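As they're listed, the protein sequences go chains L, X and D. Take the first sequence: its letters are residues 862 to 1327, numbered as in this note's numbering. Take the second sequence: its letters are residues 1089 to 1418, numbered as in this note's numbering. Take the third sequence: its letters are residues 15 to 337, numbered as in this note's numbering.
A portion of the hints provided could be inaccurate.
[As the list claims (entries may be wrong)] Under 10 Å between C-beta atoms, here's a sample of chain L residues computed to sit facing chain X: (1) Pro1215; (2) Glu1218; (3) Ala1222; (4) Gly1224.
Read the hints as simulated data drawn from the structure, not as lab findings. Remember, it's a predicted structure, so these values are computed and weren't measured experimentally. Glycine is no exception: its CB is placed at the ideal position from the N, C-alpha and C atoms.
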Amino acid sequence: MGWLSMSSSKHSRGFKGVLQEVLSYKSAVLGVLILVFLIVLSIYTIVTIPLPEAINAWRSSEMWTKNPRNAQPEWIEVFIGKRLPRTITVSLANAEVSRRLLGDGRIAASWVAYFNYDYDDFPSELIVFFNSSYSEKPVVDIYWLRPDGEEFLVKKHTLRRPDDRLYLSNDLGLELRLSGLFESKVGGKPNFMVTVEKGLFAEYSLDPRVLKGRYGIRFETILNENDVFDAELVVYGSVYGLAGTDHLRRPLIIGLLWGTPIAMSFGLTTAILTTVLNLIIGTVSGWYLGKVDTVIQRIVEINAILPFLPILILLTTFYKIDLVVILVSVIVLNIFSLGIKGTRILVMQIKSYPYIEAAQAYGASNGRLILFYVIPKILPPVVPGMISAVPGFVFLEAGLSYLGLGDPFLPTWGKIISDAQSNGAFYKGLYYWVLEPAFMLILTAIAFALIGMALEKIVNPKLKEL
Amino acid sequence: MSSDGKLLELEDLKKWFEIRRGFLSSKVYYVKAVDGVTFSLDEGKAVSLVGESGSGKTTLGKTIIRLYEPNGGRILFQGKDVTHIKANDLKWYRRMTGLVQQDPFGAFASHFTIFRSLEEPLLIHNAVESKEKRAERVFKVLEEVRLTPVEDFAYKYPHMLSGGQLQRVAIARAIILEPKLIIADEPVSMLDASVRIEILTLLRRLQERLRLSVIYITHDLATTRFFSEWALIMYAGHVMEKASTQEVLRNPLHPYTKALLTATPDPNPENRNRFKEVPPGEPPALVNPPICCRFSPRCPLAFDKCFKEEPPEFEATSGHWVKCWLYERS
Amino acid sequence: MSSETVLSVHDLKLYYRTRKGIVKALDDVNFDLKKEDVLAVVGESGCGKSTLARALVRVLPRNIHTYEGEIILNGRNVMDLDEETFRREIRWRKISIVFQGAMNSFNPVYRIGYQVAEPLIIHDHVEKKKAIEKARQLMELMGMPSAFAERYPFELSGGMKQRAAIAMALITNPEIVILDEPTSALDVLTQANIINLLKRIKNEFRLSYIFITHDLGLASELANRVAVIYAGKMVELSSADVFYTEPKHPYSKGLLLSVPTLRTDRKPEFISGAPPSLIDPPSGCKFHPRCRFAWSKCSAEEPAMFKVGEDHFVRCWLYGDGR
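All chains should be built: construct the whole structure from the sequences, respecting the hints.
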């Protein structure tokens, strides 16, 4: 085993020397850069979105009502070449208000709020959020003011509760009326289905074209004294942020960001712990031999034929699943792996080296020999394997989440993919939903694989020639 | 037994290795690597253990410093029986003995600096109380083996040193605990010809100055002369001849010793014009060897008795012992 | 002894490329080898003597930087031959080699007899049965019972395997056999027996040997000429009779004095210092840092091989112009 001594001479150069050598490989430089990026991203995430906040946000359905549903990321415009609508919130704070006192002490009030709409596509949804207090349910007339000066009543709505919501997009009556209006204006059936959004935002022509300009919405109602009326129109866009949103209007960026530290810490922890534990077990086995060795080797052999995934599934059905339970079970199922056999052989070989004999001759104890003489010697060939094992565990966590065996609270990449799958992302053409977490997974895998391969080349010089 | 001036006494020392042949067979065989060795070594003296590979010389050396536990016989060190000592007694014995191995390149943990390698024995035996004193001791032994300036060597890693330099460090490590006995197992056979004598000279001077006893294990008869007082010739687990080195070289008695002397070449251009008279064949296997003289199958002078009975050690002349029936006093 | 020159080497160079730099393993090597000559090539480990053996039979590693010079075998420069011709006509046919540790390089799954016969089967396309028969005869000549041809390598002792390796080198009737430390792992008695054997077959087959060794005593057992190599350069080339009585180069002198002897009372001496690195060797004469006689010229300028007598050359300013 010539490379053992070679590797150890590398080892003796210390961390700095190894890093220098690693960076002499271009592929490893790329790996390190990606890794640094992922680490910075993780730290940024942990600092800016504390975990409880992230879990809360990920599980809340209320927090994201003003986000578009299944919106693509904003940068998708680059590929489409159109300006896609962002979400516009039209509040009454800057509205033109007029009030007229009626004889019976009631007040007839109206609010007109304007907004500009300059996008090349129609909004995805329209909802009016009310926020009022009243003694008697008010009736609200909602008028639509188009840039071409036209104005019509959209809806006569009686508030059902103070924080009522009016889902304009779902209003079939409105859709039928707008459709009729459209046909009469154009003088024929247009070439597209007039939905509420299109009916409100399209030019009057046969083809669906957005009428750009200043739109307005007017609310008219009659209020009692002391009644308060407030409303907000949300014109939902079709793109959102850096990563888009999912079917629950949640920004995917939260899941992608938080997925990073979770994946990295899960991958690293399992890789390091299983490697170190296996290293210790293998060393003990190879050093002491005899009965200890026999027992360990039999456990390894039994462990090798145990089916990993079914056991994990079994475990997760018995226990409350969270990341720690998964972590512990993955580690437990991965120690006593077949790699121990390799370590054991290595240790047996090192045990016969003259320097071990020399140390025995000056009285070094078994513990000292294992700790200071053997383990540092077998560490160099083990480290690349450990680094290369990280992606495997990252994928495992994603795979488990995908199978529904992940931690239900944490936002992870696997969970996003799982959501995308169960909501028919590909069927609906929402590729970003799958591709984004998949990209992060691959990025992580590539970073660790590149570094692992470079380390392997340094530790095992025979590979350099390949 | 009295032990005036005697540091080490071996009485009929045996080291047999157990081997099992076959998968289910419980039959046990023994490799009789060292089979009844008796000799004593005075304080401050050196003895050469000469033999070919497989003669048991290395096993004997390792058994003496208790890297192996003997199967029979006794080892007395300063009159104290150390044959089967354990734990703290053994740790004391480890401190009293040092080992220099054959392969200087493998003798050091490659992840330790020279300093750390030398510090290890001190740490293990808690021999020096403070860090400063430890460093002082390390530097002192480096000076002792002429690796100066010591700072240049102390913080290097083994792979940065040449074989000769590493072997000096090995000697330094062997003497750092101030032992009484050093086993030097072929200390120069892997070194370049031009530095061998240098290392042997260094070892010899340290032995004289520090009043060490040295057991010099070698296959090369020619190097024994200037570096040891006594010589033991080993063959197939037995000591065939023992006497002072001068006596063995000038007046060899055992046919095996004679053959060894004949076979060892001196640089001389006349050599090419003559054939050497050396016995053919090879040493016997040590698994259940025949109970007779172990050299008899190759011995040109062997007679009936040699093939039937193992000879005892005869004192042919005063202080010159030989294990051969030719020297039986009839 | 006839004076027919069989091998003549001029300005042979062999440099390796490594991560640390270029290793000048062999530089400017010149010598002639006559019929039935034994040239001992002596030097310390890493001096380039094994590289010389490999360069002569063109068994080279991949990281070659420079490989040039002339190797003239029976009047033909074999450096001009392409690999295929060299393999077919020169290697093993004209020059064969017993590698260092050859006895451990037998394939454990084939019988010894077949392996000894292999060069015949491969190079001469001799029928397998006939080739093995020839191998058997040759092995008998080497002092091995012919039944050993049926054995596997692990069933033979080191000495016997070494004999088989020698038989394998002789089976194609080469003119030159390169012996690279042929006895280094053997016991003293076995070594003496092998040397006896090598002497005998040299006379029987009228062979020339290039005997590579670090042991000057052993070299004197076979050699009638001696070449000393230090740090990739030949520093002395002389007849054995002159070399062992009157070596000229300070390194040769030191090396000879460092050999402990049994038959004289001379106390061995040593050369202080260690052989230099071949990547970054000292300037001028490579030996000057260890040389007792060195003066300013030695560190400034590399000496050439100066002729100091009949067939006696020394690379040392002590014998050069303007001494």
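Those earlier numbered hints the structure runs against, lowest number first: none
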